[in-house]
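Okay, here's what each chain looks like letter by letter:
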Amino acid sequence: MKVRVLAMAALLLAVASTAARAADPRYPDWPCTQAKVPEISLAAVWAGPALDDVQNKWKDDAKVSALVTKLSARKTPLDEAERSVKEFLAGSAADKTANAKLLFAGLFDTLNAQRAQVMNGLERVSRKQREAADKIREESIQLQALQGATPPDEAKVEALSNELIWKTRIFEDRHNVVRFVCEVPTTIDQRLFALGRVIQQEME
Amino acid sequence: MQIEVRMMMSRMWRVGLLSGLTLAAAPAHAFIAYVSNEKSNTVSVIDTESWTVTKTIKVGQRPRGIDFTRDGKFVMVAVGDDDTIQMIDAKTQSVVDSLPSGPDPELFAQDAAGKILYVANENDNTVTVIDLEKRARLGDIQVGVEPEGMTISPDGKTLINTSETTNMAHFIDTSSRQIVANVLVDARPRFAEFKHDASELWVSSEIGGTVSVIDPGKHEVIGKVNFEIPGLRKEAIQPVGIGMTKDDKTAFVALGPANRVAVVDTASRKVTKYLLVGQRVWHMAFTPDEKYLLTTNGVSNDVSVIDVAAQKVIKTIQVGELPWGITIAP
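These protein sequence lines are chains A and B, in that order. Once you know that position 146 of the first sequence is 145 in numbering that gives the first Met the number 0, the rest is easy, because the numbers rise by one and skip nothing. Once you know that position 139 of the second sequence is 138 in numbering that gives the first Met the number 0, the rest is easy, because the numbers rise by one and skip nothing.
I should point out that these hints are in silico values taken from the structure, not numbers from a laboratory. No incorrect hints appear here.
Taking CB as the label site, the calculated pair distances span: (1) THR32(A) with LYS290(B): 39 to 49 Å; (2) THR32(A) with GLU219(B): 34 to 44 Å; (3) ASP264(B) with GLN116(A): 41 to 51 Å; (4) GLU203(A) with ASN225(B): 26 to 36 Å; (5) LEU50(A) with SER267(B): 27 to 37 Å; (6) LYS233(B) with THR68(A): 26 to 36 Å; (7) LYS248(B) with LEU50(A): 29 to 39 Å; (8) ILE206(B) with ASP78(A): 30 to 40 Å; (9) LYS54(B) with GLU137(A): 53 to 63 Å; (10) THR32(A) with ASP288(B): 34 to 44 Å; (11) LYS156(B) with THR75(A): 51 to 61 Å; (12) ILE140(A) with LYS223(B): 49 to 59 Å; (13) GLY155(B) with ASN119(A): 47 to 57 Å; (14) LEU50(A) with LYS54(B): 33 to 43 Å.
From the three backbone atoms N, C-alpha and C, an ideal C-beta is built for every residue, glycine too.
All chains, please: the whole structure from these sequences, using the hints.
In structure tokens:
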């Protein structure tokens, strides 16, 4: 049991120290293997007319801003979102270009913000994980010392072992969640690009 | 005389197709594209008449380089994590055999006759030479670290291999299998393509963000194609795949995470147009009639169809995850 705890803690620290060696020195807290791209640039997703004249105006248009909220939600399946874009623009008649620009400006702002939020969250968790790893490292050294004492204080050893087990489990769970969440920024990129492409096709 | 007859027959065939008389036989002659999906370990089969995926074939792990045999009977696909090249029977659209490559094959090139295959093995710094008729390994050529791009000169005498780490295009004599020249290009050369008249070799540099134009006789860089897209950082422009029209007048260059294909006038070596395709575009293939150019977009998981004459994207087809390479039946 105690041996297992120590082995687990050791394994964990190995994981934690790999995570700490960030691939990109500019973003030491970035925990993902995917390269960090802080924000999506407009030109990477949009080859349509300039959006300078629409800026924040999409927020003032109730219909557009409601649609932006719906289309940006991850729970809206992408094909359904694409259909909604087509329906909205098909019903726009003379305002088609203007509406298309408003809609894309809204999606660009909203999804970029959503993406930034996810990335900040990842970095926050990554910092917490580093602290947790330090704590686990400290406590496993303490545990070793306790076990080495003669005679060992069995009650103390037991208590610290249990605590270490919990801390390791939380650490591991978080580690797995991080790996999963690392995929989210790409999923958002994909959604923004796909919807932008439909909007541009409908404008032609 | 013989040629005349063949031309006549081919014209009759086309007229028949147009009038719909030979409709029953037509599907066999519609173009078929095969796309390797690196992450889903599949190959998507696309019909270029309906522009739909008609079949998804399960292949080995990490399929990347993909090409038809010259006779059009098989599709070869490098499955890097299985250390082999699989052969897909184009008739049954299923994997029927494999070729003995080295470890982690990524990309390969075949000679004009379709008899010899040269395989770049990413992991052991070699190019494996395979006899395609006997499906047997003939030998290995030691090249630079991490061989990447592969192409053969139109006369079949020179094999070009680009290396990610040495940043060179290595010229290999196919008869002696020795490196005869090394040409330094910009960082991380990914892909090499000859003009059909063999007068120039184009090599894309993914990190350098350029395409080097090399005189294959003198082994010298004689020009560079540069790319600039307003609003995009330079690092986002990563040239990879190159497609050259048969008249050698126009080149198409895939720009990776810039999500665009550049249309380049080969005479002036200047970009005339950028086409927004899909996310992280890497490789491409023309239909044999050169009406369309298909590109693989790794992040949006789709294939874009470009109308070559109109220089316009006309369609998007969803395929598997992380589409990498593409080949179209001859």
